[in-house]
Each structure stands twice: as C-alpha cells, then as structure tokens.
Amino acid sequence: MSTPQNIGIKAIQVYIPKSYVTQDDLEDAEISILGEEFRTKIKGKYTKGLGQTTLSFCTDHEDTASIAMSAVQKLFDTYGYKPTDFGRLEVGSETSIDRSKSIKSFIMQLFEENHSILGVDNTNACYGGTAAFLNSLAWIESSQWDGRLALVVCSDIAVYDDRVARPTGGCGSVAIVLGPDAPIVFEKGSLTNYFINSYDFCKPNPSNPHPIVDGPLSLIMYYECLENCYMQLRSRHPGTTLDKFDFIVLHTPFQNHIKKCTGRLNFLDQHQDNNDPEIIKTRTEHQTVSQQSQAAANIFKGKVHPASLLSEMCGNGYTASLYMALASLIFNQDLIGKRLLMFSFGSGSASSMYALNVVGDTKFMKDALNLQERLDNRVQRKVSDYDNDVKLADKRYLTAPYEPEDSLDLIEKGSWYLEKIDDNWKRIYRIKE
Numbered sequence: 437m438s439t440p441q442n443i444g445i446k447a448i449q450v451y452i453p454k455s456y457v458t459q460d461d462l463e464d465a466e467i468s469i470l471g472e473e474f475r476t477k478i479k480g481k482y483t484k485g486l487g488q489t490t491l492s493f494c495t496d497h498e499d500t501a502s503i504a505m506s507a508v509q510k511l512f513d514t515y516g517y518k519p520t521d522f523g524r525l526e527v528g529s530e531t532s533i534d535r536s537k538s539i540k541s542f543i544m545q546l547f548e549e550n551h552s553i554l555g556v557d558n559t560n561a562c563y564g565g566t567a568a569f570l571n572s573l574a575w576i577e578s579s580q581w582d583g584r585l586a587l588v589v590c591s592d593i594a595v596y597d598d599r600v601a602r603p604t605g606g607c608g609s610v611a612i613v614l615g616p617d618a619p620i621v622f623e624k625g626s627l628t629n630y631f632i633n634s635y636d637f638c639k640p641n642p643s644n645p646h647p648i649v650d651g652p653l654s655l656i657m658y659y660e661c662l663e664n665c666y667m668q669l670r671s672r673h674p675g676t677t678l679d680k681f682d683f684i685v686l687h688t689p690f691q692n693h694i695k696k697c698t699g700r701l702n703f704l705d706q707h708q709d710n711n712d713p714e715i716i717k718t719r720t721e722h723q724t725v726s727q728q729s730q731a732a733a734n735i736f737k738g739k740v741h742p743a744s745l746l747s748e749m750c751g752n753g754y755t756a757s758l759y760m761a762l763a764s765l766i767f768n769q770d771l772i773g774k775r776l777l778m779f780s781f782g783s784g785s786a787s788s789m790y791a792l793n794v795v796g797d798t799k800f801m802k803d804a805l806n807l808q809e810r811l812d813n814r815v816q817r818k819v820s821d822y823d824n825d826v827k828l829a830d831k832r833y834l835t836a837p838y839e840p841e842d843s844l845d846l847i848e849k850g851s852w853y854l855e856k857i858d859d860n861w862k863r864i865y866r867i868k869e
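Following this note's numbering, the numbering of the sequence shown begins with 437 at its first residue and continues without gaps.
Incorrect hints may appear among the rest.
Derived lysine-lysine pairs resembling PhoX-like cross-links, with alpha carbons at most 20 Å apart [said to hold, decoys possible]:
#	residue 1	residue 2
1	Lys-479	Lys-717
2	Lys-827	Lys-856
3	Lys-624	Lys-639
4	Lys-537	Lys-639
Pairwise CB distance ranges (calculated) [said to hold, decoys possible]:
#	residue 1	residue 2	range
5	Asp-598	His-722	18 to 24 Å
6	Lys-639	Asp-859	42 to 48 Å
7	Asp-823	Ser-552	31 to 37 Å
8	Asn-633	Phe-474	19 to 25 Å
9	Gln-727	Gln-441	18 to 24 Å
10	Asp-460	Lys-868	19 to 25 Å
11	Leu-470	Val-815	41 to 47 Å
12	Glu-549	Leu-470	24 to 30 Å
13	Lys-479	Gln-441	24 to 30 Å
14	Asn-824	Arg-672	31 to 37 Å
15	Asp-650	Glu-577	53 to 59 Å
16	Asp-712	Lys-799	24 to 30 Å
17	Gly-738	Ser-671	42 to 48 Å
No lab work stands behind these hints: they were computed from the structure. This one's a predicted model, so the numbers in the text were calculated from it and none came from an experiment. Glycine is no exception: its CB is placed at the ideal position from the N, C-alpha and C atoms.
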C-alpha cells in the first residue's frame with residue numbers, strides 16, 4: 437500500500453435539531469420572572485451581550501446518540517458513503533448517556549455490514565471531538581492503516597441547571613470523513629497543544645447531568661490555552677502572524693467571546709516576545725480585553741465571523757462547536773487555495789491548534805450541507821417549551837422505563853430518534869420514515 441498523501445477532510449455533515457428559541461424570547465422570559473424593573477438590565481443581555489440570535493434544543497425523543505446517528509445518516513444520504521468504506525469510527529462527546537457503553541456503540545446500528553471498525557469515545561469537555569479527529573489522522577498516517585476511511589463524530593447537547601446560563605447552551609452533531617487525497621488537508625508540523633489542570637467546568641455528580649461551572653474562570657482558561665498554543669506555533673514557525681491565515685476557526689461558546697479571542701490573538705501579534713509579562717497581566721483585565729477586541733474588529737469581520745453561522749443560530753455544540761464553525765465557513769466561502777487556523781478548547785483544560793490548507797474544490801460540501809435552508813426550516817418554539825424539554829431530559833436521565841412525551845413531528849424525516857427506554861435502561865432507537 438502506498439504512503440497516503442494529502443490527508444484531511446473529504447466530507448463533512450451536520451445535524452441540526454428542528455426546535456429552537458430566539459435569544460430575544462429568552463430575554464423576555466427572564467424579564468417576566470424578575471419583573472419589569474429589570475428590563476433595562478436584561479434586554480440585550482443575550483442578543484448583544486453574548487452576540488447570539490437563536491438557540492437549538494432537543495426534544496425528549498433526542499439524545500447525544502440519536503443526534504450522532506442522525507449526522508452519520510445525513511452524511512451517508514448526501515454523499516453516498518457506505519458503512520464498508522470506513523475502518524475507523526471515533527466519537528467526541530461530553531454528554532454521556534451511559535457511564536460504560538460508548539456512543540460509538542450506538543452508532544454501530546448504522547454499520548451492520550461492517551464490524552471491523554476501530555474506535556470508541558473521547559471525553560474532555562468540548563475537546564473530545566478534536567481528540568477523535570487527531571487520533572483518526574494519526575491512524576491513517578500509521579502502519580496500522582488498512583486503506584479505508586476514518587469517520588469522526590462530534591455530538592453534544594449543552595444545557596445548564598441555572599436558567600441564567602441557558603442562553604449559552606445549544607446542541608448539534610457533526611460527522612467528518614478523513615482520508616488521503618482530501619480537498620482540505622491537515623498541515624504537517626502545525627499542531628500545537630496546551631493542557632493544564634483546572635476546575636472551571638466539571639460534571640462530578642452522577643445523579644445530575646448538568647455541569648458545575650465557574651464561568652469567569654472558564655473564559656480565562658480559554659484565553660490561556662489559546663495564547664499558549666499560538667505562542668508555540670510562532671516559536672516553531674518564526675514569522676507567524678494572523679496575516680498568514682485567510683480564516684480563523686475557533687471553538688465558540690458564544691459570539692462575543694470569540695471577538696475577544698480575536699483581540700487577544702491580534703495583541704500577541706504586536707507582542708512577539710512570548711515572555712512579555714503584559715501577556716499574562718492583561719489576560720484578566722476586562723476593560724483591556726474589550727479594547728483589544730475593538731481594535732481587532734476588522735480581523736474578526738474578515739477572518740472569524742464567516743465561520744459563525746451555526747454557532748450564532750444554534751448555540752454552543754460543545755465538542756461539535758469547532759466543526760460546526762468549519763461547516764459554516766465551508767458553506768459561506770469559496771475556500772480553494774485558502775489557509776485556515778483552527779483552535780479547539782475543552783475545559784479542565786485541553787486545547788490544540790492546527791492549520792488546514794484547502795487544495796481542492798469544496799462546493800460539493802457546501803451543497804451537501806445546505807445550511808441556510810435547513811436553518812430556515814426549523815420550528816420556532818416558546819421558552820416554556822424549551823424549559824419543559826429540559827425538565828423532560830432531566831426526568832429521562834433518572835427514569836426507566838421511559839417513553840418520550842414530545843411529538844415526533846419535531847423530528848426530521850430520515851433522522852434517528854429515541855423511541856423508548858425499557859425497564860432495564862436499554863435505549864431503543866428508530867429512524868423516522
């Protein structure tokens with residue numbers, strides 16, 4: 437077998453749940469709880485303060501396994517891949533539905549023709565998808581590669597116990613095909629990493645699916661990881677600046693955070709000494725960070741915002757977030773000949789940065805994604821519906837047997853859904869005909 441060349445992304449597909457609420461409605465709901473005297477304080481908090489427009493959410497017929505299967509099913513249906521094309525299937529998720537059985541094992545329902553397929557799940561907050569991505573690339577480069585393709589699936593549902601934090605949630609799943617002779621090539625020598633122990637976000641209570649979050653610390657840890665990965669990159673490749681990249685694709689908790697991240701990267705371009713004390717000092721100076729964001733507004737508009745469609749309209753997809761941003765960029769731009777800077781972050785904390793080079797046409801990916809039409813076909817629901825579905829998901833987490841209460845009309849035809857959980861906690865899935 438010849439040595440594989442131009443290893444990278446050959447196809448990408450996403451699953452977007454049909455249900456959504458507007459961030460404007462979430463603001464109004466908060467005002468109705470707190471009282472009209474809080475209107476000035478609350479109105480604009482999520483739309484302008486976070487920079488978000490709408491938020492996708494799942495019914496109780498959907499979980500991380502079903503939306504992962506739906507992304508793979510959509511990939512098969514739109515690109516024509518077959519289960520036998522793949523020798524590796526690896527998953528990234530932090531929204532576990534079982535403390536032993538992997539999400540990958542549920543996806544194997546789509547691979548009844550192919551049981552010779554490596555890979556399981558990767559878990560570290562929002563970073564697991566990138567772990568699966570890098571593992572799969574390494575497999576193709578290794579002596580163990582058997583000539584088949586790799587499939588990476590990122591699937592998560594971001595929901596918070598605290599109502600105030602819910603506008604920063606979201607959901608989505610992404611399926612990515614990796615292999616040789618790809619139009620989007622992983623740039624060798626570009627990978628940098630930064631890992632550190634932090635308690636900014638964790639899920640230590642097995643009886644509660646929701647995380648314990650230190651929001652301010654999590655944003656600071658993101659900056660620390662981003663900056664250290666970028667400084668490593670420019671140490672390895674002297675002369676590296678943002679000008680060397682056509683687009684910047686970032687893990688996106690919410691829009692206004694990545695605006696500030698763009699400001700931090702631009703600030704680093706102006707401070708080439710990695711030991712400059714101003715780098716650490718200014719990281720926690722909120723006014724300075726905001727000023728840096730404003731100074732980098734044109735960079736954000738030209739290089740970062742083109743990848744923002746899904747994050748702005750669906751919210752934070754956790755492990756799927758970075759690759760939802762990449763899908764958005766592919767949908768919005770003609771990328772042939774472009775160089776992309778990618779950054780992945782997961783609380784706790786784990787991070788990687790790497791570059792992608794687009795050497796072939798990606799129009800077939802854009803057409804397969806068809807994002808705008810799919811977003812337009814979603815169903816706007818009330819905040820009370822969203823709150824009820826959060827309660828149903830919490831109930832389902834601790835209940836067996838369980839039969840979902842939501843309407844199947846909210847599941848797209850050709851997608852997988854949870855039919856029931858039996859009295860032995862076995863989850864039964866069906867595809868909607």
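Checked hints:
Using a Cα cut-off of 20 Å, the hinted pair Lys-479 and Lys-717 is violated, with the two alpha carbons roughly 32 Å apart. At most 20 Å may separate the alpha-carbon atoms for a hinted pair to count; Lys-827 and Lys-856 meet this at roughly 17 Å. For the suggested pair Lys-624 and Lys-639, the alpha carbons sit about 35 Å apart, so the restraint of at most 20 Å is broken. For the hint pairing Lys-537 with Lys-639, the CA-to-CA distance comes to about 18 Å; that is within 20 Å, so the pair holds.
At roughly 21 Å, the beta carbons of Asp-598 and His-722 sit within the given window of 18 to 24 Å. Separated by about 26 Å at the C-beta atoms, Lys-639 and Asp-859 break the suggested range of 42 to 48 Å. The hinted range of 31 to 37 Å is not satisfied by Asp-823 and Ser-552, whose Cβ atoms lie roughly 45 Å apart. Range check, Asn-633 to Phe-474: about 38 Å between beta-carbon atoms, so the 19 to 25 Å window is missed.
Evaluation of the 18 to 24 Å hint for Gln-727 and Gln-441 yields a failure: the beta carbon distance comes to about 45 Å. At roughly 30 Å, the beta carbons of Asp-460 and Lys-868 sit outside the given window of 19 to 25 Å. A beta carbon spacing of about 28 Å between Leu-470 and Val-815 contradicts the range 41 to 47 Å that was offered as a hint. Hint check: Glu-549 to Leu-470, Cβ distance near 55 Å, so the stated range 24 to 30 Å is violated.
Taking 24 to 30 Å as the suggested C-beta distance range, the pair Lys-479 and Gln-441 does not conform, at roughly 54 Å. Between Asn-824 and Arg-672 the Cβ separation comes to about 51 Å, which falls outside the hinted range of 31 to 37 Å. For the hinted restraint 53 to 59 Å between Asp-650 and Glu-577, the CB-CB distance of approximately 38 Å leaves it violated. At about 43 Å, the CB distance of Asp-712 to Lys-799 disagrees with the hint of 24 to 30 Å.
Distance hint check for Gly-738 and Ser-671: the Cβ-Cβ separation is about 26 Å, which falls outside the suggested range of 42 to 48 Å.
Comparing the model with each earlier hint shows violations of hints 1, 3, 6, 7, 8, 9, 10, 11, 12, 13, 14, 15, 16 and 17; every other hint is respected.
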